[in-house]
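Below are the chains, spelled out letter by letter.
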Amino acid sequence: MAPISIDQKLKELQIVLPEIVPAGNYVPAVRTGNLLFVSGQLPKVEGKIAYKGRVGKDLNIETARRAAKACVVNLIAVLKNELGALEKVKKIVRVMGYINTYPGFNDHVKVMDAASELLVEVFGETVGPHARAVVGVVELPLMASMEMELIAEVR
Amino acid sequence: MAPISIDQKLKELQIVLPEIVPAGNYVPAVRTGNLLFVSGQLPKVEGKIAYKGRVGKDLNIETARRAAKACVVNLIAVLKNELGALEKVKKIVRVMGYINTYPGFNDHVKVMDAASELLVEVFGETVGPHARAVVGVVELPLMASMEMELIAEVR
Amino acid sequence: MAPISIDQKLKELQIVLPEIVPAGNYVPAVRTGNLLFVSGQLPKVEGKIAYKGRVGKDLNIETARRAAKACVVNLIAVLKNELGALEKVKKIVRVMGYINTYPGFNDHVKVMDAASELLVEVFGETVGPHARAVVGVVELPLMASMEMELIAEVR
Numbered sequence: 000m001a002p003i004s005i006d007q008k009l010k011e012l013q014i015v016l017p018e019i020v021p022a023g024n025y026v027p028a029v030r031t032g033n034l035l036f037v038s039g040q041l042p043k044v045e046g047k048i049a050y051k052g053r054v055g056k057d058l059n060i061e062t063a064r065r066a067a068k069a070c071v072v073n074l075i076a077v078l079k080n081e082l083g084a085l086e087k088v089k090k091i092v093r094v095m096g097y098i099n100t101y102p103g104f105n106d107h108v109k110v111m112d113a114a115s116e117l118l119v120e121v122f123g124e125t126v127g128p129h130a131r132a133v134v135g136v137v138e139l140p141l142m143a144s145m146e147m148e149l150i151a152e153v154r
Numbered sequence: 000m001a002p003i004s005i006d007q008k009l010k011e012l013q014i015v016l017p018e019i020v021p022a023g024n025y026v027p028a029v030r031t032g033n034l035l036f037v038s039g040q041l042p043k044v045e046g047k048i049a050y051k052g053r054v055g056k057d058l059n060i061e062t063a064r065r066a067a068k069a070c071v072v073n074l075i076a077v078l079k080n081e082l083g084a085l086e087k088v089k090k091i092v093r094v095m096g097y098i099n100t101y102p103g104f105n106d107h108v109k110v111m112d113a114a115s116e117l118l119v120e121v122f123g124e125t126v127g128p129h130a131r132a133v134v135g136v137v138e139l140p141l142m143a144s145m146e147m148e149l150i151a152e153v154r
Numbered sequence: 000m001a002p003i004s005i006d007q008k009l010k011e012l013q014i015v016l017p018e019i020v021p022a023g024n025y026v027p028a029v030r031t032g033n034l035l036f037v038s039g040q041l042p043k044v045e046g047k048i049a050y051k052g053r054v055g056k057d058l059n060i061e062t063a064r065r066a067a068k069a070c071v072v073n074l075i076a077v078l079k080n081e082l083g084a085l086e087k088v089k090k091i092v093r094v095m096g097y098i099n100t101y102p103g104f105n106d107h108v109k110v111m112d113a114a115s116e117l118l119v120e121v122f123g124e125t126v127g128p129h130a131r132a133v134v135g136v137v138e139l140p141l142m143a144s145m146e147m148e149l150i151a152e153v154r
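Residue numbers (numbering that gives the first Met the number 0), protein chains in the order written: chain A, 0 to 154; chain B, 0 to 154; chain C, 0 to 154.
Please note: incorrect hints may appear among the correct ones.
Any copy, or any two copies together, can satisfy a pair, since identical chains are not distinguished.
Claimed, not checked - Straight-line Cα separation of at most 30 Å, BS3-like style, residue types lysine-lysine; simulated pairs:
#1 Lys89 to Lys56
#2 Lys51 to Lys68
#3 Lys47 to Lys79
#4 Lys56 to Lys109
Derived from the structure by calculation, the hints contain no laboratory data.
Construct the entire structure; sequences and hints are all you get.
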């Protein structure tokens, strides 16, 4: 049996990649050599920030994990746009997570793991695992609860 | 008519590149292969932080946009120092903005766009457009209102 | 006299490299080409976060500088694990510091310099100096007072 494509995998996961519109005067991604730097993605769904506010206050952990996945879906949409085929991603290199939160929050790992797990689910055990950092911040563009950046090695 | 140089363009924009003195025990930039990683730059003018405090509280949006441009001028000064000629910048790859702010602020995009616009103005429509992320943070070195990092592809 | 190895240098500095266990669903580092991206490291000592809380409130500057060094020791442990020999580090490229702090703090440079100094001490004046940025953030994973990321050029 032939391996299923990443597009098929996305379909199985019921993930529909959105169109990407940068929030400001920049581009969704820049390629330099074999590295693709993807701009910070917010938890937009159907063109709107679906998850606003502070994690742990305005959003509980389960909702924040959905926000993290929404960021990843947008990151993948940029990869697809830039590369045509997601099979051209050779390695997810580094993912950076910024969580809009407040003093006292300390569930960064649980929230960010939702993003990391989805990347591994979509890209598999070879391409998907990545270096990562996650921090809490004071507000994000458009009142988003989260922002994520990604660097990928591409073919 | 020959295309004008980036130095001439800076002159037209009345931008004078300052001398760069790192705030601590690090170097202004490191080149690896064709990538140049520039250290975080603060909104220094004539050797001093010209824009201190929290954006949206101590600085309004217009002032914060000037601070963003001051950070970019310092980033360009590092590029010039490292490369000799700014024409050696092949591509602005990624710009990261950290805005010193408070809960309730959500004009990150307006502030950061000032930085992105200046980079495109100086480097042009091919080299200038970049991947970007911007977040709000709790205080920055020397009470700066902003900090910006940059990665460039260079010749 | 032969130059001493980096392992000997670590011994002189009484630094014992710990085993690295990622806090979540990610890997300690990813290599792409000659670049090694190291995941954010916390000030863990013997498997536990040794420096918790907000710098300037729960930790004074001297303690925070020890926390910064603990992050660096963990970064070096990842480099050693990935490369086998630390002599394979050709250049420390970029170090990013996230300090868990509060409005009013402005000693980022003093804290971060402890990290930078240790890197130069261990890797020497050619390999060690790096580009850097440092910002204050709202809480970090596991209540850590600090988090540090590193990019190295490797052989």
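Notebook entry, point to check: Is the C-alpha distance from Lys51 to Lys68 at most 30 Å within one copy, between copies, in both cases, or in neither?
Noted result: both (14 Å within a copy, 29 Å between copies)
Taking 30 Å as the upper bound on the Cα-Cα distance, should Lys56 and Lys109 be classified as within, between, both, or neither?
This pair counts as both: shortest intra-copy Cα distance 15 Å, inter-copy 26 Å.
- Task: Can you give me the call for Lys47 and Lys79, within, between, both or neither, at a CA distance of at most 30 Å?
- Result: So Lys47 and Lys79 pass the 30 Å test inside one copy only (20 Å; across, 40 Å).
**Q.** Copy assignment of Lys89 with Lys56, given that the CA separation must stay at most 30 Å
**A.** Cα proximity of Lys89 and Lys56: none, with 38 Å in one copy and 44 Å across.
Hint 1 from the earlier list is the only one contradicted by this structure; the remaining hints agree with it.
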